[in-house]
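Trainee: In order, the protein sequences belong to chains A and B.
Each residue of the first sequence is one higher than the one before, counting from 1 in this note's numbering.
Each residue of the second sequence is one higher than the one before, counting from 1 in this note's numbering.
Hint data in this document are derived by calculation from the structure and do not stem from the laboratory.
There's no promise every hint is true.
With a Cα cut of at most 16 Å, we get these calculated EDC-like pairs of lysine to aspartate or glutamate [to be verified]: (1) B:LYS24 to A:GLU343; (2) A:LYS123 to A:GLU135; (3) A:LYS24 to B:GLU20; (4) B:LYS108 to A:GLU291; (5) A:LYS290 to A:GLU160; (6) A:LYS221 to B:GLU343; (7) B:LYS21 to A:GLU25; (8) B:LYS347 to B:ASP304; (9) A:LYS221 to B:GLU104; (10) B:LYS221 to A:GLU104; (11) B:LYS21 to B:GLU317; (12) A:LYS21 to B:GLU25; (13) A:LYS265 to A:GLU343; (14) B:LYS265 to B:GLU317; (15) A:LYS108 to B:GLU20; (16) A:LYS140 to A:GLU160; (17) A:LYS59 to A:GLU343; (18) A:LYS105 to B:ASP224; (19) A:LYS290 to A:GLU278; (20) A:LYS24 to B:GLU25; (21) B:LYS105 to A:ASP224; (22) B:LYS221 to A:GLU111; (23) B:LYS117 to B:GLU160; (24) B:LYS24 to A:GLU20.
Distance ranges between label pairs, derived from CB positions [said to hold, decoys possible]: (25) B:PRO17 to A:ALA271: 31 to 37 Å; (26) B:GLN305 to A:PHE161: 52 to 58 Å; (27) B:GLY43 to A:PHE161: 41 to 47 Å; (28) A:ALA55 to B:LYS59: 41 to 47 Å; (29) B:SER285 to A:GLN210: 46 to 52 Å; (30) A:ALA271 to B:SER316: 38 to 44 Å; (31) B:GLU111 to A:VAL118: 43 to 49 Å; (32) A:VAL118 to B:GLN30: 44 to 50 Å; (33) B:SER316 to A:GLY330: 55 to 61 Å; (34) A:GLU278 to B:PRO64: 45 to 51 Å; (35) A:PRO162 to B:SER316: 37 to 43 Å; (36) A:VAL118 to B:GLY125: 39 to 45 Å.
Computed far set for chain B versus chain A, every beta-carbon distance over 12 Å [claimed, not checked]: (37) GLU135; (38) GLU255; (39) GLY257; (40) ARG327.
Cβ atoms here follow ideal geometry from the backbone N, Cα and C, with glycine treated the same way.
There are 2 protein chains.
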Amino acid sequence: MVRALNFSAGPAALPLPVLEKAQKEFVNYQGTGMSIMEMSHRGKHYDAVHSGAKARFKKLMEVPDSHEILFLQGGASLQFSMVPINFLKENETAGYILTGSWSEKALKEAERIGRTKVIASSKEGLYRSIPSRSEWSDEKGLAYLHITSNNTIYGTQWHEFPDTDVPLVADMSSDIMSRPLDIGKFGLIYAGAQKNLGPSGVTVIIANKQWLSQSTNSLSKFLDYNTHASADSLYNTPPTFAIYMLGLVLEWAEEQGGTAGLERKNKEKSALLYDSIESSEGFYSGHALKESESHMNVTFTLPDQDLEKDFLAKASEHGFIGLNGHRSIGGCRASIYNAVPYEACEKLAEFMNSYRKNHPARSFTFQ
Amino acid sequence: MVRALNFSAGPAALPLPVLEKAQKEFVNYQGTGMSIMEMSHRGKHYDAVHSGAKARFKKLMEVPDSHEILFLQGGASLQFSMVPINFLKENETAGYILTGSWSEKALKEAERIGRTKVIASSKEGLYRSIPSRSEWSDEKGLAYLHITSNNTIYGTQWHEFPDTDVPLVADMSSDIMSRPLDIGKFGLIYAGAQKNLGPSGVTVIIANKQWLSQSTNSLSKFLDYNTHASADSLYNTPPTFAIYMLGLVLEWAEEQGGTAGLERKNKEKSALLYDSIESSEGFYSGHALKESESHMNVTFTLPDQDLEKDFLAKASEHGFIGLNGHRSIGGCRASIYNAVPYEACEKLAEFMNSYRKNHPARSFTFQ
Ligand SMILES: Cc1ncc(COP(=O)(O)O)c(C=O)c1O
Ligand SMILES: Cc1ncc(COP(=O)(O)O)c(C=O)c1O
Ligand SMILES: [Mg+2]
Ligand SMILES: [Mg+2]
Ligand SMILES: [Mg+2]
Ligand SMILES: [Mg+2]
């Protein structure tokens, strides 16, 4: 089998050894005569998978004892609602920093629940950057401050997280486990698994236990984080196979040198592509400003839309998958999550360089 | 490989040919060099899987054009909240018929949202039966009437669905697709997939489109059925692999003669076990009253708890999996969903018969 050059934004590439291991034991898990997906979520085999994934995640991500780890369903999108349902009380205000489409969606859901305030936004600058601290309005007294650590669509990323006195909530869907992290800084982190952690269908939450205990929600037992925290994410039937896959991805991540090893590799990968863009004399132009460039999603455009279309078509002919930008903004985007190999990025950089060399005239006449 | 004799209540046995097919194409889906779980939910391969599963489900379940099919996350438990959030308006009352623990949980979530009324209950009779129509209080003017079509824990099942003027809502988690069904009778049906449809992680909803359009929910875009209906269950990233597996299970179900063929087989399977119980001269005693017996979950007890423990231990030694009753009520339970083979039920019936023959004395001395 020739592996595809998969740059999809999510669901995205998974590590090949993980897929091969899961394939091998897919029908007959550990000689039981059953698939792991046929087993009770309250039996001993699945229990080992469930608690194993949690323990691995805790160790790898250095989650302190002050924080709880939850495996939920509904994707990051359900978290847009669950966060304010649990933490935005009457007469309180939640702060949002807008750095892209996903932050906007998170804000919109919070607006349905209670009072909100935009603390900073880079929208006027076409979401090319992360607003610097000096541009924020005052966040004092907020119920929480919500940020999006990596902006999947625009290709920008927070490279440093702010110190703040209010609980910091981060949507880390597209860069969780891509680098070491000081979890203690956060009230709550959430991430759909389908980019860096595993298949779609499971969402990982890391939450400060003390803050959790202060949450109020009388609306729904299921939508209460405490329900899942006190049941160890087994309140109802969890997405067992997705959590099993997550566990295998975590095992693989350990072998890559953990978050420090993954960060090193991710920086090398993104450097290959940003170098191709920067050395292209304006043929490729990156969307993100230098200091806000994402190591997960590299976004760029070509001199005109016809050329962009041709570039994407030729890339597709050469076997590159998923390079089109998000349907909401167009352009090109290479998503290079943890499991995307260095070699695939090398091939893409080479392809970008050679494509540019074959189109030197057009790039200047078409302006 | 020797297949396990898997009588788990859910997650439960899947058809072996389905598992084998999924294993074969797990790493390299249709020669693409990618797993189906690595593919964008907006790309052509997954699109065929998604729309294929929906079309197959529509055909197999004879879902009329008046009804929408949704693939959501969160399990049946999230539906306990979503139903009243969408359909229980202020000044309205929702009716619930209590036939077991799951109906009680559904009711409790509705109580958080609005006014409720218990229209009938078999709780006093230890949930051994489905209340007959003559025992109901008046359901006129209700926002909807909620029932649980099969009571997974107690082992009872509705064998006929009532005609009523109010929208009928049914939790069919543990008997969906086990028999032909007149969908037109229902306002909304929901079912976690992990018993009859596939792996855990996807919940199937069938809803009357006109009723959907009357739903009101300003709380959360994600929790609004209409959000998912208008996006064809692609509003956010769906659990792609679970839906892929669901599609394969539907393909297999077609080969079993559809819902009529499955019903025939399920009745034969349950008859084997109920016969063992009935012919046991009181050694095994079934929990459900005859007319309410479930064809999906066969529940029974032994003369005393020591014997029950011994029975379960011996059964386990003989390779039978998942025969213990739900932790909330104890006893024994054989879950015999669509994918549990006739031969496995035969073996269990034989085991029950021979176990009884080896314990004739104890069964009467221990009373
Ligand atoms: C940063 C971010 N947040 C949220 C989402 C939505 O995630 P989900 O589809 O799991 O709801 C995405 C999906 O791409 C994302 O990139
Ligand atoms: C009838 C019924 N309803 C609801 C549930 C809960 O389903 P889930 O775990 O998908 O939330 C179950 C689980 O066994 C069930 O049998
Ligand atoms: Mg974005
Ligand atoms: Mg995206
Ligand atoms: Mg029950
Ligand atoms: Mg159950």
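Trainee: Against each hint, give a clear statement of whether it holds in the structure.
Mentor: Structure-based check of each hint:
1. Proximity of LYS24 (chain B) to GLU343 (chain A) is assessed by CA-CA distance (about 26 Å); at most 16 Å being required, the pair is judged violated.
2. For the suggested pair LYS123 (chain A) and GLU135 (chain A), the alpha carbons sit about 13 Å apart, so the restraint of at most 16 Å is met.
3. With a C-alpha separation of about 11 Å, the suggested pairing of LYS24 (chain A) with GLU20 (chain B) holds against the 16 Å cut-off.
4. Distance restraint check for LYS108 (chain B) and GLU291 (chain A): the Cα-Cα separation of roughly 51 Å exceeds the 16 Å cut-off, and the hinted pair is therefore not satisfied.
5. Taking the CA atoms of LYS290 (chain A) and GLU160 (chain A), the gap is near 14 Å; set against the 16 Å cutoff, the hint holds.
6. A distance of roughly 41 Å separates the Cα atoms of LYS221 (chain A) and GLU343 (chain B); the hinted pair therefore is violated under the 16 Å criterion.
7. Our distance criterion of 16 Å between C-alpha atoms is met by LYS21 (chain B) and GLU25 (chain A), whose separation comes to about 14 Å.
8. Pair hint LYS347 (chain B) plus ASP304 (chain B) does not hold up; C-alpha atoms about 23 Å apart against a cutoff of 16 Å.
9. The suggested pairing of LYS221 (chain A) with GLU104 (chain B) holds, with an alpha-carbon distance near 13 Å, which does not exceed 16 Å.
10. For a cut-off of 16 Å, the pair hint linking LYS221 (chain B) to GLU104 (chain A) stands: about 13 Å separates their Cα positions.
11. Of the pairs offered as hints, the one joining LYS21 (chain B) and GLU317 (chain B) is violated, with about 30 Å between alpha carbons and a cut-off of 16 Å exceeded.
12. Distance check on the hinted pair: LYS21 (chain A) and GLU25 (chain B) sit about 14 Å apart at the alpha-carbon level, within 16 Å; holds.
13. Between the alpha carbons of LYS265 (chain A) and GLU343 (chain A) the distance comes to roughly 11 Å, so the proposed pair stays at or under 16 Å and holds.
14. For the suggested pair LYS265 (chain B) and GLU317 (chain B), the alpha carbons sit about 27 Å apart, so the restraint of at most 16 Å is broken.
15. For the hint pairing LYS108 (chain A) with GLU20 (chain B), the CA-to-CA distance comes to about 44 Å; that exceeds 16 Å, so the pair is violated.
16. Restraint check for LYS140 (chain A) and GLU160 (chain A): not satisfied, since their Cα atoms lie roughly 20 Å apart, outside the 16 Å limit.
17. This hinted pair does not check out: LYS59 (chain A) and GLU343 (chain A) have alpha carbons roughly 29 Å apart, beyond 16 Å.
18. Taking the CA atoms of LYS105 (chain A) and ASP224 (chain B), the gap is near 15 Å; set against the 16 Å cutoff, the hint holds.
19. Between LYS290 (chain A) and GLU278 (chain A) the CA atoms are separated by roughly 10 Å; this keeps the pair inside 16 Å, and the hint holds.
20. For the suggested pair LYS24 (chain A) and GLU25 (chain B), the alpha carbons sit about 12 Å apart, so the restraint of at most 16 Å is met.
21. The straight-line distance between the Cα atoms of LYS105 (chain B) and ASP224 (chain A) is roughly 15 Å, inside the 16 Å bound, and the hint therefore holds.
22. Note on LYS221 (chain B) and GLU111 (chain A): the hinted pairing holds, with a Cα-Cα distance of about 11 Å set against a maximum of 16 Å.
23. Straight-line distance between C-alpha atoms of LYS117 (chain B) and GLU160 (chain B) comes to about 22 Å, which puts the hinted pair past the 16 Å bound.
24. Distance hint between LYS24 (chain B) and GLU20 (chain A) is fulfilled; the C-alpha atoms sit about 11 Å from each other, no more than 16 Å.
25. In this structure the hint that PRO17 (chain B) and ALA271 (chain A) lie 31 to 37 Å apart at CB is violated, the actual value being about 47 Å.
26. In this structure, GLN305 (chain B) and PHE161 (chain A) meet the distance hint of 52 to 58 Å, their C-beta atoms being roughly 56 Å apart.
27. Roughly 33 Å separates the CB atoms of GLY43 (chain B) and PHE161 (chain A), a value that falls outside the hinted 41 to 47 Å.
28. Separated by about 45 Å at the C-beta atoms, ALA55 (chain A) and LYS59 (chain B) satisfy the suggested range of 41 to 47 Å.
29. SER285 (chain B) and GLN210 (chain A) have their C-beta atoms about 50 Å apart, which keeps the hinted 46 to 52 Å range intact.
30. A C-beta distance of roughly 56 Å is found between ALA271 (chain A) and SER316 (chain B), which places it outside the suggested range of 38 to 44 Å.
31. With their beta carbons about 36 Å apart, GLU111 (chain B) and VAL118 (chain A) fall outside the hinted range of 43 to 49 Å.
32. The hinted range of 44 to 50 Å is satisfied by VAL118 (chain A) and GLN30 (chain B), whose Cβ atoms lie roughly 45 Å apart.
33. For the hinted restraint 55 to 61 Å between SER316 (chain B) and GLY330 (chain A), the CB-CB distance of approximately 59 Å keeps it satisfied.
34. Distance hint check for GLU278 (chain A) and PRO64 (chain B): the Cβ-Cβ separation is about 58 Å, which falls outside the suggested range of 45 to 51 Å.
35. Evaluation of the 37 to 43 Å hint for PRO162 (chain A) and SER316 (chain B) yields a failure: the beta carbon distance comes to about 55 Å.
36. Here the CB-CB span from VAL118 (chain A) to GLY125 (chain B) is close to 58 Å, at odds with the stated 39 to 45 Å.
37. Residue-level check passed: GLU135 (chain B) sits 29 Å from the nearest beta carbon of chain A, beyond 12 Å.
38. Even its closest Cβ contact with chain A, about 19 Å, leaves GLU255 (chain B) beyond 12 Å, as expected for a residue assigned away from the interface.
39. Every CB of chain A lies more than 12 Å from the CB of GLY257 (chain B), the least distance being 23 Å, so the non-interface label holds.
40. Not every C-beta of chain A lies more than 12 Å from that of ARG327 (chain B), the closest at about 8 Å, which undercuts listing it as non-interface.
Hint check: violations occur at hints 1, 4, 6, 8, 11, 14, 15, 16, 17, 23, 25, 27, 30, 31, 34, 35, 36 and 40; the rest are consistent with the structure.
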